[in-house]
Amino acid sequence: MAASFSNPVVRWIDHRLPVFTFMHHELHEYPTPKNLSYWWNFGSLAGIALVIMIVSGITLAMHYTPHVDYAFDSVERIMRDVNYGWLIRYIHMNGASFFFIVVYIHIFRGLYFGSYKAPREILWMLGVVILLLMMATAFMGYVLPWGQMSFWGATVITNLFSAIPLVGEDIVIWLWGGFAVDNATLNRFFSLHFLLPFVIVGVVVLHIVALHRFGSNNPLGIDVKGPKDQIPFHPYYTIKDAFGLGVFLIFFSAFIFFAPNYLGHPDNYIPANPLVTPAHIVPEWYFLPFYAILRAVPDKLGGVLLMFGAIAVLFILPWLDRSPVRSGQFRPIFKIFFWILVIDVVALTWLGAKPAEGWYVVGTQIATVYYFAHFLVILPLLSVFETPKPLPKSISEPVLGSGGGFAAATAAPREKA
Amino acid sequence: MIARLTTTIAAVAIAAGAWSFAFSGTAKAAGPAIEYPQHDWSFSGPFGTYDRGALQRGFQVYKNICSGCHALSYVAYRNLEDLGYNEDEIKAIASEAFVTDGPNDDGEMFERPAIPADQFASPFPNEQAARAANGGAYPPDLSLIVKARPDGANYVRSLLLGYVEPPADFNLMPGMNYNAYYPGHQIAMAQPLWGDDVTYADGTEATIEQQAEDLTTFLAWASEPEMEERKRAGVMTILFLLVFTGLLYATKRKIWSDVH
Numbered sequence: 043m044a045a046s047f048s049n050p051v052v053r054w055i056d057h058r059l060p061v062f063t064f065m066h067h068e069l070h071e072y073p074t075p076k077n078l079s080y081w082w083n084f085g086s087l088a089g090i091a092l093v094i095m096i097v098s099g100i101t102l103a104m105h106y107t108p109h110v111d112y113a114f115d116s117v118e119r120i121m122r123d124v125n126y127g128w129l130i131r132y133i134h135m136n137g138a139s140f141f142f143i144v145v146y147i148h149i150f151r152g153l154y155f156g157s158y159k160a161p162r163e164i165l166w167m168l169g170v171v172i173l174l175l176m177m178a179t180a181f182m183g184y185v186l187p188w189g190q191m192s193f194w195g196a197t198v199i200t201n202l203f204s205a206i207p208l209v210g211e212d213i214v215i216w217l218w219g220g221f222a223v224d225n226a227t228l229n230r231f232f233s234l235h236f237l238l239p240f241v242i243v244g245v246v247v248l249h250i251v252a253l254h255r256f257g258s259n260n261p262l263g264i265d266v267k268g269p270k271d272q273i274p275f276h277p278y279y280t281i282k283d284a285f286g287l288g289v290f291l292i293f294f295s296a297f298i299f300f301a302p303n304y305l306g307h308p309d310n311y312i313p314a315n316p317l318v319t320p321a322h323i324v325p326e327w328y329f330l331p332f333y334a335i336l337r338a339v340p341d342k343l344g345g346v347l348l349m350f351g352a353i354a355v356l357f358i359l360p361w362l363d364r365s366p367v368r369s370g371q372f373r374p375i376f377k378i379f380f381w382i383l384v385i386d387v388v389a390l391t392w393l394g395a396k397p398a399e400g401w402y403v404v405g406t407q408i409a410t411v412y413y414f415a416h417f418l419v420i421l422p423l424l425s426v427f428e429t430p431k432p433l434p435k436s437i438s439e440p441v442l443g444s445g446g447g448f449a450a451a452t453a454a455p456r457e458k459a
Numbered sequence: 015m016i017a018r019l020t021t022t023i024a025a026v027a028i029a030a031g032a033w034s035f036a037f038s039g040t041a042k043a044a045g046p047a048i049e050y051p052q053h054d055w056s057f058s059g060p061f062g063t064y065d066r067g068a069l070q071r072g073f074q075v076y077k078n079i080c081s082g083c084h085a086l087s088y089v090a091y092r093n094l095e096d097l098g099y100n101e102d103e104i105k106a107i108a109s110e111a112f113v114t115d116g117p118n119d120d121g122e123m124f125e126r127p128a129i130p131a132d133q134f135a136s137p138f139p140n141e142q143a144a145r146a147a148n149g150g151a152y153p154p155d156l157s158l159i160v161k162a163r164p165d166g167a168n169y170v171r172s173l174l175l176g177y178v179e180p181p182a183d184f185n186l187m188p189g190m191n192y193n194a195y196y197p198g199h200q201i202a203m204a205q206p207l208w209g210d211d212v213t214y215a216d217g218t219e220a221t222i223e224q225q226a227e228d229l230t231t232f233l234a235w236a237s238e239p240e241m242e243e244r245k246r247a248g249v250m251t252i253l254f255l256l257v258f259t260g261l262l263y264a265t266k267r268k269i270w271s272d273v274h
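Chains as they are written, first to last, in the numbering used here: chain C, 43 to 459; chain L, 15 to 274.
These aren't lab readings, by the way, just hints derived from the structure by calculation.
Using N, Cα and C, we set each Cβ at its ideal position, and we do this for glycine too.
Misleading hints may appear alongside valid ones.
What the hints assert, rightly or not - Here are the simulated DSBU-like cross-link-like pairs (lysine-lysine), alpha carbons at most 35 Å apart as the crow flies:
{"id": "1", "chain 1": "L", "residue 1": "K268", "chain 2": "C", "residue 2": "K435"}
{"id": "2", "chain 1": "C", "residue 1": "K435", "chain 2": "C", "residue 2": "K76"}
{"id": "3", "chain 1": "C", "residue 1": "K267", "chain 2": "L", "residue 2": "K105"}
What the hints assert, rightly or not - Quick look at which bits of chain C chain L covers, simulated, 3 or more residues with Cβ under 8 Å:
{"id": "4", "region": "121-132"}
{"id": "5", "region": "240-252"}
{"id": "6", "region": "262-275"}
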């Protein structure tokens with residue numbers, strides 16, 4: 043069972059504390075489908091992005107002062123006087139955006155290839171929990187520089203809780219620690235912004251435990267049929283992930299070094315002023331689709347419920363899409379609706395940045411209705427009415443099959459159906 | 015394989031395009047409706063640097079014209095080294111200003127000449143004093159002005175050159191000035207630059223356009239003093255990553271060559 047290690051010290055330790063066996067098992071020999079495409083790089087990339095955020099964040103926390111009178115100044119001090127402080131802060135600032143880009147691609151990968159289906163429902167739901175925690179962390183982090191958007195963003199978002207009937211107002215006062223967004227709010231947001239990333243690490247560990255129970259899904263969406271469908275994680279996927287990381291770092295660096303403020307808002311370089319409201323209060327781009335859904339409903343409580351509903355619907359997705367076929371490759375109609383959903387979410391992102399007036403409101407409402415219809419109506423109906431294409435017999439077959447890929451597989455019976 | 019790669023590249027391109035399109039919407043929505051004339055700056059582009067002559071001239075304009083009302087409190091005198099001044103020059107520049115220090119052994123605050131380690135002395139002790147001296151308007155600190163406005167450098171330059179005759183039907187409030195590029199077009203600040211406001215030490219002709227360009231370059235530096243170092247580091251980083259990622263790709267191909 044235990045792997046054999048040549049180093050005697052490693053052997054001695056491993057006999058008593060089998061961490062090396064554990065790592066060998068989970069990171070080295072861990073059997074992985076051999077047909078994973080580059081879309082599967084984004085899981086490990088998300089993990090690395092989390093590490094980048096924690097390391098840069100802890101360094102920033104060494105120089106940051108969470109006080110309404112000093113927060114803005116301390117950030118400027120980091121930018122101007124701390125050795126490479128500008129680099130650390132720009133890594134952290136842009137890192138948040140890139141973390142979301144990676145995670146959104148990772149989620150859409152899961153949506154297309156049916157990675158949420160049995161037996162990976164809990165894996166998927168843990169991922170949704172991570173997304174929620176990321177959103178809370180990012181929101182509170184954006185408040186810390188105490189610029190105009192920090193302050194007014196915090197005011198708008200915390201005020202959403204006042205929509206809760208009866209106790210709403212009291213909850214908001216409790217969240218603020220006072221009667222307005224002020225020093226108490228900034229302090230607790232700093233505290234929680236420091237804490238939540240480690241909670242995310244915990245849920246990521248659970249996410250990986252759940253992943254390693256049945257292994258990765260794959261582009262064909264069929265189960266592995268045996269060792270010939272699999273390759274060890276190391277060196278095959280370690281090197282593939284390393285290459286993907288290199289590509290990611292090129293894009294990331296381009297933003298850090300050449301357009302560090304492109305994804306931010308200029309107003310956040312104006313110190314927070316409770317007496318001056320910015321002309322447009324716009325959240326960070328990664329919140330825009332949810333912000334659009336929030337504003338789609340004229341009623342405040344309805345908007346808040348719908349916004350949280352947009353994420354809650356992902357929790358129950360494994361039970362909404364009942365089609366036995368996982369991969370969108372073999373679902374001709376699903377594939378079309380998947381891309382419409384992608385366009386719909388991009389449209390919501392765009393609309394979220396627009397002022398809530400004129401046809402933007404109507405457009406947002408249509409896009410919001412479509413978002414929910416995709417999950418609550420289209421997917422359940424497709425599970426019944428769509429005829430999937432025949433599935434290949436095994437992962438090895440279409441790869442090995444002569445006469446070009448899937449031709450041989452068309453005759454194969456559908457798996458599970 | 016080729017087909018799949020093409021599809022993947024196409025999908026990434028579409029996603030990237032859609033995303034930048036969605037984001038260009040953000041910038042527009044948050045930005046003003048006024049378009050600023052685009053100037054060709056020495057510091058724009060991935061290899062752009064601050065023109066040293068423009069920085070020194072811009073500092074001269076700031077010191078003689080702006081510093082009477084506008085603070086530059088995040089910049090320290092020692093930072094002027096970036097502009098090409100030596101230690102003695104910086105000491106001399108700093109000593110012209112007075113800062114409040116203390117308390118001394120008698121418990122009193124006292125005034126002393128600034129030293130290079132001090133941040134730029136502010137013209138007013140607090141916002142209320144600044145407002146009282148400026149008819150109720152608050153002249154903002156200029157340390158971050160270029161970063162704190164959309165298209166900041168072009169905005170500042172346009173604003174400095176934007177004092178024109180108001181349209182005949184424009185209702186200008188008393189004490190306000192018309193500016194073509196200020197949001198709402200009514201600005202409390204009177205026209206600051208007219209041309210020949212300073213005599214440049216390097217003999218450059220001090221036209222209004224020249225002064226506006228120099229001052230904006232100086233303020234861009236004040237907002238982003240790290241920019242040159244950042245871009246230099248960026249070029250090295252990207253070059254390294256391109257080579258390193260190329261090697262990783264070659265290694266990946268080699269390792270995967272036995273997988274069928």
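Tested hints:
1. Distance check on the hinted pair: K268(L) and K435(C) sit about 28 Å apart at the alpha-carbon level, within 35 Å; holds.
2. Annotation: proposed proximity of K435(C) to K76(C) holds, straight-line Cα distance about 15 Å (limit 35 Å).
3. Between K267(C) and K105(L), the direct Cα distance comes to roughly 77 Å. Violation of the 35 Å bound is thereby established for this hinted pair.
4. Residues of the region 121-132 of chain C with a Cβ under 8 Å from some Cβ of chain L number 5, which satisfies the need for three, so the listed coverage holds.
5. Figure legend: the region 240-252 of chain C, annotated as covered by chain L; annotation inconsistent (0 residues with Cβ-Cβ distances under 8 Å, at least 3 required).
6. For the region 262-275 of chain C, the proposed coverage by chain L is not satisfied: 1 residues have a C-beta within less than 8 Å of a C-beta in that chain, short of the threshold of three.
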